[in-house]
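Novice: Here is what each chain is made of, one letter per residue.
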Amino acid sequence: MKRASTFALILIALAALPAFAQGKKDKDRRGFVWNDRPTIVFGKDINVAVTGRALVEWRWFDPDIGEDLFALRAGRLGLKGDLTRHVDWEIEREIGAGGVEEDDSRIEFGDWKDVFVRWRTYDAARVKAGRFKIPFGLEQNTGVSELDFAYRALGSQKIAPGRDTGVMVSGELGRLGYEAGVFDDDGDNAEWSENQFVQEGEDLENVGPSFAVRVTGDLFRAISSSGRLRSANLGFAYTIADVPEGLNSLRGESFWGTEDFFERVYVKGRRQRFGAQFDWSPGPTSFRAEWMQSREQRKEQSNRNQDLSDFIGSAWYVSGTWFVTGEDKDNNVNPRRPLLKGGPGAIELAVRYEQLGFESASKQGTSFTNPRAEYLTPNTDSVFTFGVNWITSKWTRVIVNAIHEDFEDAARTPEPGTTSFWSGLVRLNIVF
Amino acid sequence: MRQLIRTGVPLIAFVLALGGPLAAQTSDDFFNPEVLQRIELWMHGQDWEKLKAAFQENTYYPADMTWNGVTVYNIGIRSRGLGSRSSTKPGLRVDFDRYNNGQQFLGLKSFVLDNLTQDRTGIKETVAMRFFTRIGIRAPRETHARLYVNGAYAGLYGLVESVDKTMMGRVFGSIGDNVQNDGYLFEYNYVLGSPWRFTYEGSALAPYKARFDIKTNETHAESLIWGPIEELVRLVNDTSSTLFEQTIGPRLNLPDFVRYIAGQNFIAQNDGFNGYDGMNNFYFYRLENSPSHVFIAWDEDVAFLQPDFGITTRNEENVLTRKTLELPAYQSQYFSVLSEAATSASDWLRPEMQRQFDMIHNAMIEDTLKPYTNAEYAADRETLLAFPDARITYVRCEVAKQTGAPRPSGCQ
Chain A
0 MKRASTFALI LIALAALPAF AQGKKDKDRR GFVWNDRPTI VFGKDINVAV TGRALVEWRW
60 FDPDIGEDLF ALRAGRLGLK GDLTRHVDWE IEREIGAGGV EEDDSRIEFG DWKDVFVRWR
120 TYDAARVKAG RFKIPFGLEQ NTGVSELDFA YRALGSQKIA PGRDTGVMVS GELGRLGYEA
180 GVFDDDGDNA EWSENQFVQE GEDLENVGPS FAVRVTGDLF RAISSSGRLR SANLGFAYTI
240 ADVPEGLNSL RGESFWGTED FFERVYVKGR RQRFGAQFDW SPGPTSFRAE WMQSREQRKE
300 QSNRNQDLSD FIGSAWYVSG TWFVTGEDKD NNVNPRRPLL KGGPGAIELA VRYEQLGFES
360 ASKQGTSFTN PRAEYLTPNT DSVFTFGVNW ITSKWTRVIV NAIHEDFEDA ARTPEPGTTS
420 FWSGLVRLNI VF
Chain B
158 MRQLIRTGVP LIAFVLALGG PLAAQTSDDF FNPEVLQRIE LWMHGQDWEK LKAAFQENTY
218 YPADMTWNGV TVYNIGIRSR GLGSRSSTKP GLRVDFDRYN NGQQFLGLKS FVLDNLTQDR
278 TGIKETVAMR FFTRIGIRAP RETHARLYVN GAYAGLYGLV ESVDKTMMGR VFGSIGDNVQ
338 NDGYLFEYNY VLGSPWRFTY EGSALAPYKA RFDIKTNETH AESLIWGPIE ELVRLVNDTS
398 STLFEQTIGP RLNLPDFVRY IAGQNFIAQN DGFNGYDGMN NFYFYRLENS PSHVFIAWDE
458 DVAFLQPDFG ITTRNEENVL TRKTLELPAY QSQYFSVLSE AATSASDWLR PEMQRQFDMI
518 HNAMIEDTLK PYTNAEYAAD RETLLAFPDA RITYVRCEVA KQTGAPRPSG CQ
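So the sequences go chain by chain: A and B.
The opening residue of the first sequence carries number 0 in our numbering; numbering runs sequentially from there.
The opening residue of the second sequence carries number 158 in our numbering; numbering runs sequentially from there.
In short, the hints are calculated from the structure, not lab data.
Take the hints with a grain of salt, since some may be wrong.
[Unchecked claim] With the Cβ distance kept under 8 Å, some of the chain A side facing chain B (calculated, not the full set):
#1 A124
#2 Q300
#3 N302
#4 N304
#5 T365
#6 R411
We put the beta carbon where it would ideally sit given N, CA and C, even for glycine.
Make the full structure from the sequences, and use the hints.
Specialist: Now the structure itself:
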């Protein structure tokens with residue numbers, strides 16, 4: 000409990016810091032300045048800034064699924080900066096408060112997040128090396144402070160690969176943006192659950208690397224009559240990697256991660272992801288949609304060591320938001336009248352509908368949940384999220400979400416026999 | 158509707174796909190004790206190796222199974238057993254409905270492949286269960302099988318009917334229009350280092366929950382599942398002889414219980430209800446819509462210990478056995494069942510043993526994965542074949558001694 004208390008105190012301090020610091024912004028000064036975050040400026044294009052985030056959450060569930068009703072979600076601390084006009088860098092690591100029941104006041108460090116250096120001399124070709132997000136998935140590549148909901152859509156969490164170690168080239172060519180990289184594995188969201196089973200005397204086959212490419216563009220800008228659609232951005236992405244033999248496929252986890260509604264199946268061969276994204280933010284509204292699909296080969300994976308049909312994961316979502324208080328969604332959202340300056344902050348309504356499902360390419364005969372079945376019994380999780388975002392300042396926001404989850408297969412849900420689940424949360428986000 | 162389609166369509170498709178060959182066969186054919194069956198399992202090569210490497214775990218692996226020209230696909234198998242677990246010749250539980258709730262095979266949801274590692278004769282379990290059925294004790298159907306995994310001979314196994322709802326329906330039939338299979342079925346869990354002889358362990362349900370693994374109606378409230386067991390144990394311990402029958406009788410079928418322990422004694426089962434380390438190896442069933450419990454026989458592969466196994470061995474140690482047999486009527490029934498068993502065995506037990514030995518002999522000899530030699534098998538076979546005549550004589554003489562009846566010839 001001490002640890003939780005310590006963490007809570009740090010949160011309060013973090014929340015207060017930006018408010019006190021707001022008047023000290025000065026980009027021309029050297030030494031310690033406030034450029035939206037604590038920053039030390041050593042000279043022109045040489046600086047170090049402290050970044051951080053912390054999330055506190057109160058939740059409810061109907062029916063109860065055994066999750067904690069209060070969560071001090073992991074925070075992050077990091078540093079970012081510029082080395083010269085040509086090079087910038089960032090490091091970030093998770094910090095955790097542990098369980099609220101633990102009598103321990105230590106703050107523990109968790110996984111490394113972004114750790115990279117980037118060469119940015121030319122807009123047409125920037126090179127990034129280190130650990131960062133693989134360029135697949137609009138929402139997965141959106142920072143937590145800019146998300147419209149407390150949690151990313153299931154597809155963004157389960158099909159999109161997330162972070163990995165690698166090298167990427169990106170840039171703008173006319174109206175098109177591109178990112179292309181090679182990575183050590185296939186992203187944190189797709190970690191292997193089972194190493195290859197190797198009998199005595201056999202060698203382990205190599206795993207990875209993966210390749211990813213994404214192309215985005217303001218395609219409607221080229222059409223003179225497109226009007227407000229000119230700000231719409233379209234994108235397409237693709238990844239490919241080798242997957243080691245074993246129970247190593249992607250899997251379907253329920254929204255709160257308490258249960259696999261589709262457990263891993265045996266795979267071997269190639270994993271591909273295909274993605275399409277749409278992002279449009281006219282005035283105080285925004286519309287986002289994504290579709291993504293994974294296809295994993297199952298070579299020699301049947302009960303008789305024969306090839307099975309591909310394992311397919313599909314996900315999509317559509318979401319919309321509207322600033323009731325009139326702020327422009329297209330820019331960095333700053334409340335017109337922040338709470339600490341006597342205003343109401345910015346208030347945004349949001350709604351999202353999404354699906355994540357898994358199945359086999361084959362639909363012949365009888366379906367089974369057997370992880371080596373040719374025809375896998377499909378299961379899909381459909382989720383409605385209704386939200387209200389109260390953005391009190393540039394650094395703090397309160398998110399209220401009501402979530403309705405509905406499973407296709409009653410036998411594979413967080414509570415077998417029940418297909419429909421409601422949950423809700425109130426979250427305090429502090430990000431600087 | 159979606160669920161109905163999901164459950165119903167596979168079942169119909171499965172039945173239609175198997176069509177002719179399956180329709181002509183029944184589960185009685187599958188467990189036909191006169192036939193040495195041939196079971197073929199087809200598994201991914203890595204899965205079979207993983208199962209053997211992790212034989213202490215209950216992880217399921219997918220497989221296809223072929224029997225008598227019929228193949229059932231996408232079944233689940235796992236390692237099973239307590240002391241019999243083996244990395245070279247694993248005992249297996251086979252679940253037809255593991256990956257599709259609607260899938261059955263010959264009306265069965267599962268069965269057990271007993272690896273026979275604890276019985277160097279290979280037939281004690283199958284003979285015991287057949288004998289139990291012969292004398293009116295509820296027991297699973299069993300026979301032997303040659304098991305092949307991915308085409309390679311994996312050894313001689315016992316083919317054992319699962320004690321589950323399907324078996325309850327077979328054994329108990331119907332109550333009105335309803336099949337008597339929706340009661341509370343428990344597998345007794347032998348807790349290592351904590352022998353139990355039906356002593357009261359307090360009003361909390363945890364000790365009973367630890368010893369009685371629920372196999373049906375698992376989602377019901379604990380008070381519904383284990384409350385009646387706690388009550389039964391408490392009443393057995395607290396009730397005086399004068400009120401014992403009228404208090405316990407409605408909660409436990411006492412005549413069936415006496416038949417069960419007498420039958421186990423006749424086959425010299427040292428690790429059964431009145432076992433050397435407390436109770437062990439049985440299922441316990443509370444009938445549907447009834448407070449009454451009955452015992453189901455299970456795992457008799459260390460029976461036939463010795464012909465002169467005392468006919469009242471450890472009857473005083475177990476509270477339920479002792480208090481039941483304190484009643485003259487049940488003590489009389491106990492000796493009566495022993496005599497009945499001796500009579501039933503006199504013209505059946507040895508010929509049945511010989512028949513089963515003849516049936517399995519080649520399969521046993523060719524089984525190179527068993528944890529004993531063919532010479533050990535041959536020696537134990539001869540010992541076992543000598544058991545019936547000696548046991549029948551011993552039991553008859555001892556029953557006469559206990560009841561005061563005239564002693565038959567041959568008594569020492």
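Novice: Determine which of the earlier numbered hints do not hold for this structure and return their numbers in increasing order.
Specialist: Per hint list: 1, 6 violated.
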